[in-house]
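Enquirer: Could you put together the complete structure from these sequences and hints?
Line by line, the protein sequences are chains L and E. So that you can map any letter, position 30 of the first sequence is 29 in numbering that gives the first Met the number 0, and since no number is skipped, the others follow by simple counting. So that you can map any letter, position 87 of the second sequence is 86 in numbering that gives the first Met the number 0, and since no number is skipped, the others follow by simple counting.
It cannot be assumed that every hint is accurate.
To be verified - In silico EDC-like links for lysine to aspartate or glutamate, alpha-carbon gap of 20 Å or less:
hint, chain 1, residue 1, chain 2, residue 2
1, E, Lys-355, L, Asp-436
2, E, Lys-478, L, Glu-425
3, L, Lys-75, L, Asp-95
4, E, Lys-61, E, Glu-88
5, L, Lys-295, L, Asp-451
6, L, Lys-21, L, Glu-71
7, E, Lys-355, L, Asp-435
8, E, Lys-478, L, Asp-435
Keep in mind the hints are simulated off the structure, nothing from the lab.
Now for the letters of each chain:
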Amino acid sequence: MPIKVPWLKGVFPALVTPFVRKTEEVDEEAYRRLIRSCLPHVDGLVTSGTTGEFPYLTREEQRRLIVIGVEEAGGKPVVAGCGASSTQEALTLARDAKDAGASAALIVTPYFLHPSDKGVYQHFYDIATGVDLPIILYNIPQVMDRYLPRTVVEDLADLPNVIGLKDSSGNLTYTMELLEYAGDRIDIFIGHDEVVLPALAGGVSGMILASAQVYPEVWQEVIRLVGEGKLAEARARQRSVQKLSRIFCRYGGGVAVKAALKMMGLDMGPPRKPLKAVGGALIHETRAEIRLELEKLGQIPVEETAFEYPSGPLTERFGDLEITPETIDAHDLRVGSGVTGEGLNKVQIDLVAGSKETPLGDAYALQLTYPLHGREALTTILEPALTVRPATLLLPQLSQKNLRQANMIYGPTQSALARAIVDALEAGRIPPAAVDDEVMIALATVHPRALDRHALHQSVYAAATQALAQAFADAREEG
Amino acid sequence: MGYKTEWFKGIFPALVTPFSADDKLDEAAYRELIRFVLPHVDGVVPCGTTGEFSYMTLEERKRAVEVCLDEVNERVPVVAGTGCTSTRETVALTQWARDAGATGALVVAPYFLKPTFNEVYDHYKAVDRVGLPIVLYNIPQCAGTHFKWWTAEGGLLDFDNTIGIKDSSGDLPFLDAMFEKVKGKVSIFVGHDEVVQPAFAAGADGAILASANLIPDVWQRVYRATQEGDLETAQHWQQRVQKLVRIIVRCSSTQAVKEGLRMMGIPVGDSRHPIMPGGGFKREDYEELRLQLEALGKIAPANVVYDLGERQVETQLPATPQTPRTISGFTLKVGEGFAGPPFQELAHVDLLLGLKDGPVGRAIERAMEEWGEERGLRIIVERPCTLLVPTVTIRTAKQRRLFYEHAAEGVNLAIRLSIEDGFLPAAILDDVVLIANVFVHPAASIAKRVEFNNYKATRHAIRKALEGRPTVEELIREKAAARHPFRYAP
Chain L
0 MPIKVPWLKG VFPALVTPFV RKTEEVDEEA YRRLIRSCLP HVDGLVTSGT
50 TGEFPYLTRE EQRRLIVIGV EEAGGKPVVA GCGASSTQEA LTLARDAKDA
100 GASAALIVTP YFLHPSDKGV YQHFYDIATG VDLPIILYNI PQVMDRYLPR
150 TVVEDLADLP NVIGLKDSSG NLTYTMELLE YAGDRIDIFI GHDEVVLPAL
200 AGGVSGMILA SAQVYPEVWQ EVIRLVGEGK LAEARARQRS VQKLSRIFCR
250 YGGGVAVKAA LKMMGLDMGP PRKPLKAVGG ALIHETRAEI RLELEKLGQI
300 PVEETAFEYP SGPLTERFGD LEITPETIDA HDLRVGSGVT GEGLNKVQID
350 LVAGSKETPL GDAYALQLTY PLHGREALTT ILEPALTVRP ATLLLPQLSQ
400 KNLRQANMIY GPTQSALARA IVDALEAGRI PPAAVDDEVM IALATVHPRA
450 LDRHALHQSV YAAATQALAQ AFADAREEG
Chain E
0 MGYKTEWFKG IFPALVTPFS ADDKLDEAAY RELIRFVLPH VDGVVPCGTT
50 GEFSYMTLEE RKRAVEVCLD EVNERVPVVA GTGCTSTRET VALTQWARDA
100 GATGALVVAP YFLKPTFNEV YDHYKAVDRV GLPIVLYNIP QCAGTHFKWW
150 TAEGGLLDFD NTIGIKDSSG DLPFLDAMFE KVKGKVSIFV GHDEVVQPAF
200 AAGADGAILA SANLIPDVWQ RVYRATQEGD LETAQHWQQR VQKLVRIIVR
250 CSSTQAVKEG LRMMGIPVGD SRHPIMPGGG FKREDYEELR LQLEALGKIA
300 PANVVYDLGE RQVETQLPAT PQTPRTISGF TLKVGEGFAG PPFQELAHVD
350 LLLGLKDGPV GRAIERAMEE WGEERGLRII VERPCTLLVP TVTIRTAKQR
400 RLFYEHAAEG VNLAIRLSIE DGFLPAAILD DVVLIANVFV HPAASIAKRV
450 EFNNYKATRH AIRKALEGRP TVEELIREKA AARHPFRYAP
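Expert: Structure below.
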């Protein structure tokens with residue numbers, strides 16, 4: 000019967016592999032820096048896993064990563080990713096790992112040519128009996144397009160060299176099944192950052208995670224709290240990293256982890272092609288979100304910006320549009336303002352509406368010719384291709400310094416303003432004649448560090464509704 | 000052994016079920032639709048998937064079949080959709096259809112609770128006993144079960160009254176296995192509009208199609224040409240309608256067909272909820288479906304007057320019944336267009352159209368004088384004078400190329416084609432000017448998609464600006480359900 004190894008528990012980061020820009024060579028010094036940064040908080044290391052872009056690494060490169068890992072690990076175990084689609088190649092990599100001093104080999108389900116269950120069993124059997132090194136099975140259907148069948152795991156768990164399984168599926172019904180049928184003989188590790196807490200509560204021994212090189216200390220706390228039965232606190236910790244974990248798991252993988260590390264001062268270079276550092280699986284919008292979450296987590300400092308909500312007479316707030324109090328008066332323009340929300344969710348909407356034939360029509364057209372100044376105006380839409388009427392421009396009052404800030408304006412702010420306008424239309428507050436004859440421009444002041452989209456949406460809706468009510472207060476009499 | 004029946008072949012539209020504004024079965028519209036398709040078809044199918052059978056009460060389904068039988072008046076076969084989730088209901092409705100005089104029944108695989116093969120087998124066995132000719136109906140996209148091999152010999156098709164199968168999967172290897180095993184014994188119908196011609200060429204006996212509500216004549220040509228061995232003609236027509244039918248099959252077919260019919264002047268209402276306008280059939284799909292119907296000559300040009308204030312211009316353009324016959328307010332018109340995928344190459348165009356001596360003309364003049372060069376503005380078309388404005392900062396050579404070459408070419412093409420189709424008549428090109436504020440994502444790579452998406456978005460935006468769409472009614476109807484893509488966190 001196999002015996003569980005004592006060291007296979009706790010937090011293991013699935014290390015990214017740093018590359019030099021342009022040449023794409025492995026950056027060994029960066030690798031050492033990365034290991035040193037997370038070593039105090041982890042129980043072991045994993046080299047050339049999925050996060051480490053193993054399919055893009057040569058045999059020699061994988062061997063070097065293990066050697067460096069062992070040199071830097073200070074005696075902690077180093078698990079070597081030895082994934083390959085052919086049995087022979089996986090076996091070769093596992094033998095290399097043994098020679099390089101690895102504590103175990105992490106072997107992914109064979110991929111690409113879809114072997115049968117028999118073929119999958121034989122693959123792991125050949126490796127477990129062909130090298131004198133503990134083996135950890137690895138299930139990651141998101142990239143391999145198949146599960147490691149539970150019945151196969153059940154049999155493989157009898158092999159003396161098979162000591163564990165990493166399950167990255169995130170499918171807890173599968174994880175529970177593994178614990179039920181193989182948990183007595185091998186250690187089950189969770190490999191999906193979004194479900195660490197439920198998996199730990201369910202009985203897994205530890206975790207191999209991409210995010211364990213970004214916030215390993217959070218995971219150590221979750222383990223400790225679960226061990227002490229403090230589930231409420233454990234939940235709070237898991238939740239504090241839920242969005243980042245989701246981004247790492249679903250919206251960019253290792254590429255997103257590298258982006259996060261770079262923000263924290265650990266530049267691991269770009270991924271190897273065809274992956275893109277940004278603009279591929281990791282889109283710019285999501286990268287902006289990573290920064291915000293790291294700020295919230297205290298992993299990077301918050302940039303404070305000084306700004307003010309506009310004050311003073313309402314008619315004087317539209318100077319940027321070249322709309323003066325005199326213009327407003329001379330052309331009977333409607334103005335209204337609304338302020339709602341607290342703290343980061345405080346929002347102010349200053350609105351001007353009026354006939355297209357007035358200087359407001361000119362201001363409207365002019366705004367759309369005036370890009371690249373950080374305060375680009377956009378047409379207000381309920382959703383793409385669903386433009387509100389009367390046609391309305393949304394203009395951010397503060398300069399948009401980053402994409403995340405812009406996302407708050409062009410996402411929740413825009414959609415809430417749109418909803419407020421259409422609700423006012425339906426309620427008859429905006430007279431039917433205005434639909435074709437008038438235009439509106441809304442100046443939105445949103446806190447530059449606003450981050451709760453839901454709260455922001457509610458604040459903007461309320462502020463815009465106030466502003467519309469004030470601007471169209473006399474409209475009923477006109478109608 | 001030959002075919003069990005001779006009548007089950009050719010083109011059968013899966014009729015939409017018209018609903019009135021108060022969501023009742025609109026019998027008059029139903030009759031009008033049947034009269035429209037009848038000259039081109041070999042039979043009709045009331046209450047199929049496209050007929051929204053799953054959103055109708057049993058009473059409504061019966062009434063629709065009655066109206067259909069009455070209007071058809073035995074001129075062509077009527078194959079009524081009688082499938083339900085339970086065997087008990089399916090048998091009862093099929094018995095009713097038999098007694099009402101239907102020629103046959105189209106019976107969908109029992110769905111939702113995903114019965115196993117032997118349970119499905121017994122289901123159809125019970126339905127077969129009703130005595131009405133039965134057509135099996137494989138539509139895994141909706142039913143969640145795929146008939147696969149077991150519809151072959153020794154299976155369901157051996158039942159006495161089971162005369163055919165409709166396969167809507169689009170799975171040609173499956174269809175080929177059907178030909179291999181049961182060709183010539185039962186009628187094998189294709190139900191996926193995108194693969195009609197290859198299925199005919201390989202031996203399908205007919206087609207039951209959503210798009211046959213709109214273009215029964217085209218499908219009749221494909222069918223006849225294949226029968227006559229003229230594959231070239233059959234391929235030609237399949238290709239001509241490929242985009243049209245792709246939109247229908249993949250973008251909420253019931254709503255797509257209904258909106259297409261409405262554009263063609265055959266009002267049949269909207270789909271029942273939860274299918275809704277602007278849902279699976281998105282606004283950009285509406286514009287593209289309309290362009291496809293125009294290209295086939297299904298939407299006729301009409302005279303529209305443009306009231307420029309000082310003078311009026313008459314133009315002929317492909318108008319839908321919703322197009323205003325007089326368009327005014329040329330001081331400033333706002334149109335928005337959106338087209339994708341892929342995400343990084345999607346196009347979003349904020350378009351202004353207005354008189355040269357109005358706000359739009361003045362804005363162009365001033366912008367070009369004061370900051371045009373510095374901020375990368377360009378006049379890309381002389382008539383009508385069109386200013387191209389980048390929505391986001393252009394930083395790299397690649398972005399510059401994608402914007403000024405490819406996005407610009409897309410905008411340009413949209414304007415050229417809008418001049419050709421009459422939306423921008425020659426007589427207004429010196430009076431009217433355009434501002435196209437165009438978004439190209441900083442991570443865009445695929446030049447041709449940038450070009451094509453910007454063509455689409457701009458062409459849509461021009462039409463929407465002129466026709467005053469979306470309307471207030473549309474906005475109010477969809478405001479609660481609207482899904483703004485950037486409103487939510489990743």
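Enquirer: Against this structure, judge whether each hint is valid.
Expert: Hints, verified against the model:
1. Annotation: proposed proximity of Lys-355 (chain E) to Asp-436 (chain L) holds, straight-line Cα distance about 18 Å (limit 20 Å).
2. Using a Cα cut-off of 20 Å, the hinted pair Lys-478 (chain E) and Glu-425 (chain L) holds, with the two alpha carbons roughly 10 Å apart.
3. Proximity of Lys-75 (chain L) to Asp-95 (chain L) is assessed by CA-CA distance (about 19 Å); at most 20 Å being required, the pair is judged to hold.
4. Simply put, Lys-61 (chain E) and Glu-88 (chain E) have alpha-carbon atoms about 13 Å apart, close enough for the 20 Å limit, and the pair holds.
5. Of the pairs offered as hints, the one joining Lys-295 (chain L) and Asp-451 (chain L) holds, with about 12 Å between alpha carbons and a cut-off of 20 Å not exceeded.
6. Proposed proximity of Lys-21 (chain L) and Glu-71 (chain L) is contradicted: the alpha carbons are some 27 Å apart, above 20 Å.
7. Taken as a hint, the Lys-355 (chain E) and Asp-435 (chain L) pair is honoured in the structure, with Cα atoms around 19 Å apart against an allowance of 20 Å.
8. Our distance criterion of 20 Å between C-alpha atoms is met by Lys-478 (chain E) and Asp-435 (chain L), whose separation comes to about 19 Å.
The structure does not agree with numbered hint 6 stated previously, though it agrees with all others.
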